[in-house]
Amino acid sequence: MFELQWIDAISNPKPVLAIYGEDVPALEGVRIEEICLSPNGPTLRLRFDLPTFPGQPPAKWRRDGMNVVQLEVSFGGLHEISIDRLATNSLCDLKVQKSGLLQFSAESDSVRLRGVADEATILRISAYASGSF
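Counting from 1, position 67 in the sequence shown corresponds to residue 67 in my numbering; the numbering is continuous, with no gaps.
In short, the hints are calculated from the structure, not lab data. Glycine included, C-beta positions come from ideal geometry on N, C-alpha and C. Just to be clear, a hint being listed does not mean it is correct.
Derived DEER-like restraints, expressed as beta-carbon distance ranges [stated by the list, open to error]:
{"no.": "1", "residue 1": "D84", "residue 2": "K60", "range": "32 to 42 Å"}
{"no.": "2", "residue 1": "R62", "residue 2": "R124", "range": "13 to 23 Å"}
{"no.": "3", "residue 1": "S99", "residue 2": "G21", "range": "24 to 34 Å"}
No farther apart than 25 Å at their CA atoms in a straight line, the calculated lysine-lysine pairs in the BS3-like style are these [said to hold, decoys possible]:
{"no.": "4", "residue 1": "K98", "residue 2": "K14"}
{"no.": "5", "residue 1": "K98", "residue 2": "K60"}
{"no.": "6", "residue 1": "K95", "residue 2": "K14"}
Model the full assembly from the supplied sequences, consistent with the hints where possible.
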């Protein structure tokens, strides 16, 4: 049985596809950098580092020595959200699936987050050099 990738559940996958092509990374071992809840929508904004760097990154990223890709995703129209665990070192496996409503979860020894939303939208894709901040 064919299982859809997380990118198929995103309303605007083009920014990630433009950087990674067909080699979109799995969301296993992502590092959560920020979780922000807003009553407008309501919305959860999640900023996290992807586990792999693209094989053919943009020339500017290569020139500037970037080695980590960071995504900022908005989960809009929240129906449910729970955050049971969040530690400083927030490495986890992130799952995003759409079957009617969009379901997302992040789980590990240091993070436990679950939610249901209407959609997931990429707000920003960027890169930085690990150890630079």
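Here is how each hint holds up against the structure:
1. D84 - K60: 32 to 42 Å: holds (39 Å)
2. R62 - R124: 13 to 23 Å: Once the Cβ atoms are compared, 19 Å apart, the range 13 to 23 Å for R124 and R62 holds.
3. S99 - G21: 24 to 34 Å: Holds, at about 26 Å.
4. K98 - K14: holds (17 Å)
5. K98 - K60: violated (34 Å)
6. K95 - K14: Answer holds: K95 to K14 is near 19 Å, not above 25 Å.
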